[in-house]
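Given next are the chains, with one letter for each unit.
There are 4 protein chains.
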Amino acid sequence: MKITTDRISEFNKSNHSSYKTELDFLKNKLVKKGIDTEEIISKVADFQVAIPSWALGAGGTRFGRFSYGGEPASLEQKLDDIGVLHALTQSAGAVSLHIPWDIPKDVKAIKEKAQSHGIVFDAMNSNTFQDQPEAKETYKYGSLSAVNDAPRDYAIGHNLEVIKIGEELGSKSLTVWLADGANFPGQNNFQRVLQNTENSLKSIYGKMPKDWKMFIEYKPYEPNFYSTVIQDWGTSFMLANACGERAYTLVDLGHHLPNTNIEQIVATLMLKGKLGGFHFNDSKYGDDDITVGSIKPYSLFLIFNELVYGMENNPQNPDLAWMIDASHNTKDPLEDLLQSLEAILIAYTQALLVDQKALKQAQQENDVVTCQEILQDAYRTDVRPLLKAAREKSGAAINPLSAYRNLEVRKYLVKERGTKSKATGL
Amino acid sequence: MKITTDRISEFNKSNHSSYKTELDFLKNKLVKKGIDTEEIISKVADFQVAIPSWALGAGGTRFGRFSYGGEPASLEQKLDDIGVLHALTQSAGAVSLHIPWDIPKDVKAIKEKAQSHGIVFDAMNSNTFQDQPEAKETYKYGSLSAVNDAPRDYAIGHNLEVIKIGEELGSKSLTVWLADGANFPGQNNFQRVLQNTENSLKSIYGKMPKDWKMFIEYKPYEPNFYSTVIQDWGTSFMLANACGERAYTLVDLGHHLPNTNIEQIVATLMLKGKLGGFHFNDSKYGDDDITVGSIKPYSLFLIFNELVYGMENNPQNPDLAWMIDASHNTKDPLEDLLQSLEAILIAYTQALLVDQKALKQAQQENDVVTCQEILQDAYRTDVRPLLKAAREKSGAAINPLSAYRNLEVRKYLVKERGTKSKATGL
Amino acid sequence: MKITTDRISEFNKSNHSSYKTELDFLKNKLVKKGIDTEEIISKVADFQVAIPSWALGAGGTRFGRFSYGGEPASLEQKLDDIGVLHALTQSAGAVSLHIPWDIPKDVKAIKEKAQSHGIVFDAMNSNTFQDQPEAKETYKYGSLSAVNDAPRDYAIGHNLEVIKIGEELGSKSLTVWLADGANFPGQNNFQRVLQNTENSLKSIYGKMPKDWKMFIEYKPYEPNFYSTVIQDWGTSFMLANACGERAYTLVDLGHHLPNTNIEQIVATLMLKGKLGGFHFNDSKYGDDDITVGSIKPYSLFLIFNELVYGMENNPQNPDLAWMIDASHNTKDPLEDLLQSLEAILIAYTQALLVDQKALKQAQQENDVVTCQEILQDAYRTDVRPLLKAAREKSGAAINPLSAYRNLEVRKYLVKERGTKSKATGL
Amino acid sequence: MKITTDRISEFNKSNHSSYKTELDFLKNKLVKKGIDTEEIISKVADFQVAIPSWALGAGGTRFGRFSYGGEPASLEQKLDDIGVLHALTQSAGAVSLHIPWDIPKDVKAIKEKAQSHGIVFDAMNSNTFQDQPEAKETYKYGSLSAVNDAPRDYAIGHNLEVIKIGEELGSKSLTVWLADGANFPGQNNFQRVLQNTENSLKSIYGKMPKDWKMFIEYKPYEPNFYSTVIQDWGTSFMLANACGERAYTLVDLGHHLPNTNIEQIVATLMLKGKLGGFHFNDSKYGDDDITVGSIKPYSLFLIFNELVYGMENNPQNPDLAWMIDASHNTKDPLEDLLQSLEAILIAYTQALLVDQKALKQAQQENDVVTCQEILQDAYRTDVRPLLKAAREKSGAAINPLSAYRNLEVRKYLVKERGTKSKATGL
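Chains as they are written, first to last, in this note's numbering: chain A, 3 to 428; chain B, 3 to 428; chain C, 3 to 428; chain D, 3 to 428.
If we strip away everything but chain A, and leave its shape as in the complex, we get:
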């Protein structure tokens, strides 16, 4: 299925006549505050978030999975699904592949398919947390951190292979999420597995093409329930420093202990030029991987406030690799992703409204009440008209979810692929 610009344009015309009035009203109000609304609209229109190839089907938990009709059964179909998202939003113009789930059989064809949807290949993801049927070594007791050489070398080799595939596709970065750890006290010698991990990462880093970047994720627990080798940003940061200047920390919003101040971590990493990638999702308990902004939208705004500040003030960081990393256990996966994209862009827009100059002054004067007022004023503003304007400007649907339903995309996908197709992934 491919959604043409014409259909979107047509849909926009027939359904959103009234939003212009709202937009004008809001612009008028913001201009009085000295805000350049056109610049904000441009920035929002330019914002691109990668979609991971493994999150286009129904997700599940260890207790089971309720599948969804019309799931993409091949890499081509996954690209088509992202194509739908991108056509509707013009902000999902990248895919993040997961190897071995997405090894392209015909690289050229895949690249053409992606290009036809306007999709580029973002960071490549390796997988050393599962054994593949044909695997020669097991990762049961660790991969890049393993005490035994064989699985460690095997895991290093796998990462190098992922890079190779990425090179063919035009990707420029590797994301390493290392699930290694222990389920029980005593299982691991903490020092040994950390040292092994550092050595393994350096070995991969040393063989990466010179224009590639490495993103190192961290996570406190799951799938290991006593310890994880890269348990927090401090460990990731230390490892990235050990590897070299093109190694960075990647922040996944769900990978923190209860009550962590994530925005402060973001600020620290940006100050030090070591923030490389960002995985969006939301959660109430652990790594719940639910729709972005569905639980803690203010926290998302505060994080974007730091990101916007960093993007303006810390040129030492690379362009960030943004990605949605969520699991769709309940909703239509594409609708879920549309809601996530909406939440991300709303938070970004709100953060762009923050009066940084006034904030700095209030901070300097220790006027804490005004500091809070400035942030809340931006957050409480209904920025949806600006987002709609950004969408219209870039040729996207003004209301993507409504367009998706109106165009009966899921019905079409089910018709095409059946109700039993199953996407590879989690």
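It should be emphasised that the hints constitute simulated quantities derived from the structure, not laboratory data. Hints are supplied without guarantee of correctness; some may be wrong.
Same chains, same names: a pair is fine if it fits in one copy or spans any two.
[Claimed, not checked] In silico DSSO-like links for lysine-lysine, alpha-carbon gap of 30 Å or less: (1) LYS362 with LYS138; (2) LYS359 with LYS204; (3) LYS274 with LYS422; (4) LYS142 with LYS413; (5) LYS4 with LYS359; (6) LYS417 with LYS138; (7) LYS138 with LYS413; (8) LYS395 with LYS274; (9) LYS274 with LYS212; (10) LYS424 with LYS35; (11) LYS359 with LYS274; (12) LYS395 with LYS34; (13) LYS174 with LYS413; (14) LYS35 with LYS413; (15) LYS15 with LYS31; (16) LYS359 with LYS142.
Given the coordinates of chain A, assemble chains B, C and D onto it according to the supplied hints.
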């Protein structure tokens, strides 16, 4: 595989000549404190913990599963595995079945098999958190709590069927773990789903045989990540009261928010005569379901301290249904269960050592330092000789894990069942 | 200091000419959705939140306190401060007193003072977590739960005295926050202290005037760090049921373990007709007692969504006793309270916008995506013009914080009371 | 009050005749496992833990404080109290002073007093989280991190003064616990305050004597409830690296988010040669500061397991500065400290029993079950006879708590100092 009493007795003789000296030494020491060690040994020897049929193979997480050789592929083989545990420990003389995973094809044969191992049928478990291949209704949006009548009635019907199977086998209780809940704010009307749940439970309760008990579990999250209908003991307690006097709350150690004082919940439920069952496991982060006592053994002791107190002082409670509810993602499942049984019995023995009379007096005098000393003195005692004595008394292996390895049980099971057999369950 | 209606009206005129356009625009938009904006404005204008007498000065932590100039040094001055808040907002028309900090010397004068500000006396608060200089018994080891009769009777007597003072002032309810608990395992016999607490509360309840209500708070920890006698809503609910139909649970937003789903607790209590009072504040870690809505505004909205639903559908509950229970460690206490009032009314207004009918239908159809859209649409709406309209309608300042600063209230208070005055309280 | 060696020796003789038998029995058992018990006894006898000068009186919470009779009212009396602890245990031979609470008036006299008790001066602690009555600048909005130069310079100056006092007394290290942070989003610019902190610490470090070390604490929250400038080990580690090789991270057990794997942090810091100091306490919820080992003794053991491993394998670290940092809200402060010392030494002894060689082999073979057995075998051993032997060897009381009560120390202190004396501190 069946382990005879003779082999165990022989193994005990050849391997544990020295423990008697330790036992005598400890007894001598405890007797001086006025402790009746024989009574403790008897109580420990009598303690029986049920093994769930779904936890005899390798467990997994949503990220995958590393299987273990020789997993039991049928209900018969599951009973054989429990038979091994029971022969080795004489404290695993019950099985808790999970329907539909364990529907017996030949009830009589299954009963005989169980009897041959000295195993009785403890609480039956229903499953309304997964859709079975042949299911006529989906539990995706709820079962006993569902807004639509069809899945709700279907779930009620399933529970009644579970009871029926249990009756045939000689079970006397039903455990309801209701995974129902919501992944997103707004998905559920809290009041409506709670009311539906109360009605459904009452309906099942009303049709239970008069000598049956119902155990209602609670859990704050997972597999739902925003809300769970029965989120805490308070909700379970309220529902149990609504159902009637043979409905009780079941405590699973892993089903609590961070930092919950579980022992206080246990004490409250026992005071009110509403504690019915108990699921053992351990955890550091969430419902990690790892080996009992592997993370927080002192907490386990404090919980046993309340259980021992309640068993002595609160006759209003039924005999508790004890069960290990753990997942074996890393270790040999049977070895994992042996370590869990060991930890449970150690904590129980330690709790039996607590000088309740002195404790009461210290509490009365607000001598907080002495209160702590009394508990810690019991906990710091190395009670393993008492446990060994209890094992010998009941005909079990003095050191079950060592016997298990010495008898090469796993090697035998792999030989018999192969490396690819897979147990039904989680 | 007293702020006259004239000054406010004058201030409104000169500063908020533009808000009418915004209001009209918003009303116009909402009316199209079938929303009765006038009714919403009326409800918001009517909403009254009590101010606790102990939170008008600077708060502190165990590490110290940074005092604020112009703190009220007497009950009269506290009422004056609330008078300022009420004049500015017309939504703070009640005070909640804390005994023994606020024993009125001249009841008649105090009542007249309150009346002159339009302030009524809401729930009375007893204090059994501190020893007063003249105390005959110590609460160090417990009060209503104490193992010894003397402190228990003393604590009961204190609560009765609080009721007596409340009667004279016109209050109609007693809030019991029981800090009793233990710092160490073994210190308390859980069953005994729970039973003692039940007996003590019943004894107080039995002597309360027939038109009084009792509100029972719960809290998991602090100031005790191992256990708290009334640790959760389940315990409070159980005790309220034991006391009688005029005993209710009181929810304080900060009194929960990490990640608790508070809105579900609210819904459960309202369904059962047992929600009596509500303490507002916000927190990131524990009972941080910071400005309402400063950390988790969406969570506050979700809670209000349940409150609004319950107020419409559960007539079995009494009119709720709303109160702000925060500590002002950093900001000007009155500005802090103004920001809290603003956040409360914004959340309330947003909750009133939720299309309950559409939500019910989406829930019935398991259209989870639409459920979320409905809640988020209400939440993302900038409702501040409606709140301004409600304020103007009731004669309050359209922007209370701006008016407070413009009128230089703090400057005046410092001038009047000095920089060293210190409010009794926490 | 001073407890002579004679009295202790006499007390030991009359009360502990039976422990020798226990010791011999245990030694005999351990020797069979190839354990050098004399070496363990020596190590335990040598272990010294500093007592902080601010924790010899009753502690409190923001809700109040219940004072204890006989609290030390001067630095001299504090040293006397530590003298009592040291005489009884021979393991509390150091004091950690807190400035400005403990500025010595007569340095020579204080040094002589300390020497007479066998007490040395461990790390000095600065205080920039409170304003002193005579303070020229306020730390309300930050100290070493402050946006304004004046309080920042003032805080730097204070730290330099603390160093100066420490030099006179013979201390060789400075501990910086920086409470700086924010109560509200927006209050701080994260990057600015972090940069300020780095600059301030470097400035202090640059002026420290060349044989001094700096220990940098971290803490996620309290007394600030939104953010703390040095929120975690990663931030502390980064700052220590920025300062230089004599700057280290200090771990306080209570300064972590829920469920943090602290032992892994310890291992990481030791691997990198950056662990400098250690504050002992225990907690269930937050920084509860209760008696060491009273809540999570197994966790304490696991931490000691890493410390023992690091002390043997990581010579790059300095000798660690051990200290008890607890608050005594309920118990007699000296009894509380005796229980903490007991728990520390038990955990240390247990950790020394771990068979590191067998553990390494089991890890190498991925025999997770045996790894756990090895740790638990050490932990389950009742090591108290070894600890008693270490005490006797060093001339301490075999059972310090019992000796303390028998000698009626508190009665004596109350007689000497009265019931109203109040120790400076928290």
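Verification of the supplied hints:
no., hint, result
1, LYS362 with LYS138, "between (57 Å within a copy, 25 Å between copies)"
2, LYS359 with LYS204, "between (42 Å within a copy, 29 Å between copies)"
3, LYS274 with LYS422, "neither (48 Å within a copy, 43 Å between copies)"
4, LYS142 with LYS413, "between (40 Å within a copy, 19 Å between copies)"
5, LYS4 with LYS359, "neither (45 Å within a copy, 35 Å between copies)"
6, LYS417 with LYS138, "between (39 Å within a copy, 22 Å between copies)"
7, LYS138 with LYS413, "between (42 Å within a copy, 22 Å between copies)"
8, LYS395 with LYS274, "neither (35 Å within a copy, 52 Å between copies)"
9, LYS274 with LYS212, "both (21 Å within a copy, 28 Å between copies)"
10, LYS424 with LYS35, "neither (51 Å within a copy, 40 Å between copies)"
11, LYS359 with LYS274, "within (23 Å within a copy, 41 Å between copies)"
12, LYS395 with LYS34, "both (23 Å within a copy, 27 Å between copies)"
13, LYS174 with LYS413, "neither (36 Å within a copy, 48 Å between copies)"
14, LYS35 with LYS413, "between (46 Å within a copy, 28 Å between copies)"
15, LYS15 with LYS31, "both (25 Å within a copy, 19 Å between copies)"
16, LYS359 with LYS142, "between (52 Å within a copy, 23 Å between copies)"
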